[in-house]
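Knowing the structure of chain H, use the given hints to seat chain G on it.
Protein chains in written order, with this note's numbering: chain H, 1 to 572; chain G, 1 to 156.
Since the hints were derived computationally from the structure, they do not count as laboratory data.
Errors might be hidden in some of the hints.
As the list claims (entries may be wrong) - Below are the DSSO-like pairs computed for lysine-lysine, each with C-alpha atoms no more than 27 Å apart in a straight line:
(1) Lys147/G to Lys3/G
(2) Lys528/H to Lys2/G
(3) Lys204/H to Lys29/G
(4) Lys245/H to Lys147/G
(5) Lys29/G to Lys212/H
(6) Lys270/H to Lys125/H
(7) Lys379/H to Lys358/H
(8) Lys2/G to Lys200/H
(9) Lys147/G to Lys212/H
(10) Lys2/G to Lys204/H
(11) Lys148/G to Lys204/H
(12) Lys3/G to Lys212/H
(13) Lys200/H to Lys212/H
(14) Lys47/H to Lys397/H
(15) Lys472/H to Lys379/H
(16) Lys3/G to Lys200/H
(17) Lys472/H to Lys494/H
(18) Lys3/G to Lys29/G
(19) Lys145/G to Lys29/G
(20) Lys143/H to Lys129/H
(21) Lys212/H to Lys145/G
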Amino acid sequence: MAEKIVVDPIPRIEGHLRIEAKLGENNVIEDAFSSGTMWRGIEIILKGRDPRDAWAFTERICGVCTTVHALASVRCVEDALGIEVPPNARIIRNLMNATQQTQDHLVHFYHLHALDWVDVVSALKADPKETSRIAQSISAWPKSSPGYFKDLQQKLVSFVESGQLGIFSNGYWGHTAYKLPPEVNLLAVAHYLEALDFQKEIVKIHTVFGGKNPHPNYLVGGMACAIDPNRNTAINIEILSRVRKIIEDTITFIEQVYIPDLIAIAGFYKDWLYGGGLGNYLCYGDFPENSIDDASSLLWPRGVILNKDLSTIHDVDPRDLNQVTEEVSHSWYTYSNGDDKGLHPWEGETSPKYTGPKPPFEYLDTDRKYSWLKAPRWKNHSMEVGPLARVLLAYAKGDAMIKDTVNMVLGKLDVGAEALFSTLGRTAARGIECLQTAGFMKHFYDQLVANIKTGDYRTANTELWNPSRWPKEAKGFGYTEAPRGALGHWIHIKDTKIEDYQIVVPSTWNASPRDASGAVGAYESALKGTPMVDPEQPLEILRTVHSFDPCLACASHVFDMNGNEIVKVTIV
Amino acid sequence: MKKINVIGLGNILFGDEGFGVEAVRRLEKECSGFPDSVQFIDGGTQGIYLLDYIESADVLLIYDAIIPSEFNRQVYVYRNDELPAFIHRKMSSHQMGLSELLSVARLHDRVPGEIVLIGVPPRELGLGSGISPAVEGLLGDAVEKGKKILGSFISD
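Chain G extracted, bound-state conformation:
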């Protein structure tokens, strides 16, 4: 059975920066019947410390706040080769972002076969402001899209 790691990225102290973590929390709640091969990870801003979850996955599903080139208020889904342009931001003070982590995985020959990123553009990044109504309104759709994607990989 494919090992699927679902990672929520971002800092929950800074408003919509916490989108990824919040989305994965909700997704996990709605996926209680899923097999053990699906793991839900609150990745926060842990950079290099997430390497194991990346290298050990056959399928990687990432949730994160993103800055797309066309800034629409919608849920964005990117797969495999579409990703690099959206994952250049740094994640931790040790400055190893997702792109660096994937380059390490490449050196180790352990890049997940499938990588999917589900992202929304942030609206508020204020300290302690919580998820904004604009992003809150997209959470349901983001979770649904993730559920469908997970379902397709599980039934594979």
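Extracted from the complex, chain H is given alone in its bound form:
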């Protein structure tokens, strides 16, 4: 018997993103609306469950950020119950998190974002000898001979001629907004493939400490892995030396491939400094060197920057009911005390109520509610989160390492610090941060080895594992700086079960719709004022939205001045 189902949207990914852009004179984006078109209700799934299992559910909400949700979740439950994890657990979590950041940034740059700047088809016309000369002039990376690039180019030719472009099938090849010479395009495509290969190695660290990958194991109270230098089945010297090798190779790859490529590519786009956006940046901070409650021990600092003013850093308290709030005046939810009133996640409500047009529809009613994402705000300000926020905050706080790297990159590009407030600045910040985070991997590895040498093998604190010792009610906050930005989990435990759970993910900050005051979200702000070469090929929208590393697949709709849809493109 034949059956039919309707699947709209297909729930493969955390959510779908739709951008509606209105063009003004000369195809400059006059206004933009960012809409999450998929309902995400993890909060409802978690109600009534055992708080110790929450991490395993939250890590499934996103296709790419499994470990960060697991980490935020265990930290959240530990915060509620007052559990302090042993030093090994803190260090291993830091190492796994730094591993995730590093791998994710690498994958983002080469496999999500690079093709917004790199024309794959142009690479077919390159002179491999010249590519080799350029490669050797910017880096000591050994795979740089003319023969290497020639072979790669031939492979690419047969790949393109086969007609099955696969990974390269969605590009606007030949678009005039591409500025790289064929030789640099070939270099970038070669490294695209090398990075795909290399990223597989980095994440093996997760398998070592998390037991498996994807979906490594986390544990409320610590980590589930056993450390014993004298046992074959536990984390021992041999396994640790494998980890060290991966870390060293990672640092080399970022130093010799990622950073030189970033600078080489950015050098051709120095005049494309659109996409700065809000100028407000929020970080919860991460990489605690002490107790997670001690914000002063975070290697990535906590704080807020407003209006690009790096001279004033505002304190952030995610537990303060008046700081981080979410309102739903333009989101498809209802609040019991009014949609315009922001609620702190501990008071958060998740009552979906779709009032948008019935699909298929042409465009959303952006005067009213138009997104499945709530509008998170910090003291009523829209915020950008992510690598640019973190780099700017560390820079503003005088972090010597970040300052050196930022100045090195700006110096090589011969641009001033103001260039950071742009799409390109966001992309550069991710590379700068990746280099620093790879250094952190080494730092945490050394810490772990040193701590094991003292004879401390503990990886978990199980004193409060048994719920009979829990308070009747407790509230907790767990945070991390995910690759895409500040991630917060808030829990309310009652009678040993989850009474309420709220998550504010980085992409909700960045892809936020307007709020009741009309203030726009980060994407909406960043897209305004961007000129488009060809509205039917919205490469410029892709560049800016991708520079935020959205956690959502994106569909873009461009309208002319009369509101007629010019083009509808699925951004991947």
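Okay, now just chain G, sitting in the frame of chain H:
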């Protein structure tokens, strides 16, 4: 000995979307005596992060919820050249689906020699609804078919 990777795909938070992951969990339980060259992977929706498991396999056995052209309530098995039409859906927010992963493997000259997809059409895709009775009823057959296929490759 052939390296066999068994990957379950899908999101367990969305009802029958989790079919692939659930099927591989059960298959692993029933295959406890299999050699170490067979690896069972809960692939979730991890897209590009599954590349290593794809490129390192001689034999790839995938479980996934699928939308076949003739929508019958049954277990579907596709091999090698029969696959492409059923694997175009995207798997992760980085939007690298199985077809893209296989195209990368092709560029790297590391396409598994044998690829088998075992799929069932979903019935319920609701948030938190778990596997529906309709799909639950097919799980046993899906696991049996996988066991037979694995057995044939192991004895090769």
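We went through each hint and held it up to the structure:
{"no.": "1", "hint": "Lys147/G to Lys3/G", "verdict": "15 Å, holds"}
{"no.": "2", "hint": "Lys528/H to Lys2/G", "verdict": "55 Å, violated"}
{"no.": "3", "hint": "Lys204/H to Lys29/G", "verdict": "24 Å, holds"}
{"no.": "4", "hint": "Lys245/H to Lys147/G", "verdict": "38 Å, violated"}
{"no.": "5", "hint": "Lys29/G to Lys212/H", "verdict": "17 Å, holds"}
{"no.": "6", "hint": "Lys270/H to Lys125/H", "verdict": "24 Å, holds"}
{"no.": "7", "hint": "Lys379/H to Lys358/H", "verdict": "34 Å, violated"}
{"no.": "8", "hint": "Lys2/G to Lys200/H", "verdict": "21 Å, holds"}
{"no.": "9", "hint": "Lys147/G to Lys212/H", "verdict": "23 Å, holds"}
{"no.": "10", "hint": "Lys2/G to Lys204/H", "verdict": "22 Å, holds"}
{"no.": "11", "hint": "Lys148/G to Lys204/H", "verdict": "31 Å, violated"}
{"no.": "12", "hint": "Lys3/G to Lys212/H", "verdict": "18 Å, holds"}
{"no.": "13", "hint": "Lys200/H to Lys212/H", "verdict": "13 Å, holds"}
{"no.": "14", "hint": "Lys47/H to Lys397/H", "verdict": "40 Å, violated"}
{"no.": "15", "hint": "Lys472/H to Lys379/H", "verdict": "31 Å, violated"}
{"no.": "16", "hint": "Lys3/G to Lys200/H", "verdict": "18 Å, holds"}
{"no.": "17", "hint": "Lys472/H to Lys494/H", "verdict": "6 Å, holds"}
{"no.": "18", "hint": "Lys3/G to Lys29/G", "verdict": "19 Å, holds"}
{"no.": "19", "hint": "Lys145/G to Lys29/G", "verdict": "15 Å, holds"}
{"no.": "20", "hint": "Lys143/H to Lys129/H", "verdict": "13 Å, holds"}
{"no.": "21", "hint": "Lys212/H to Lys145/G", "verdict": "26 Å, holds"}
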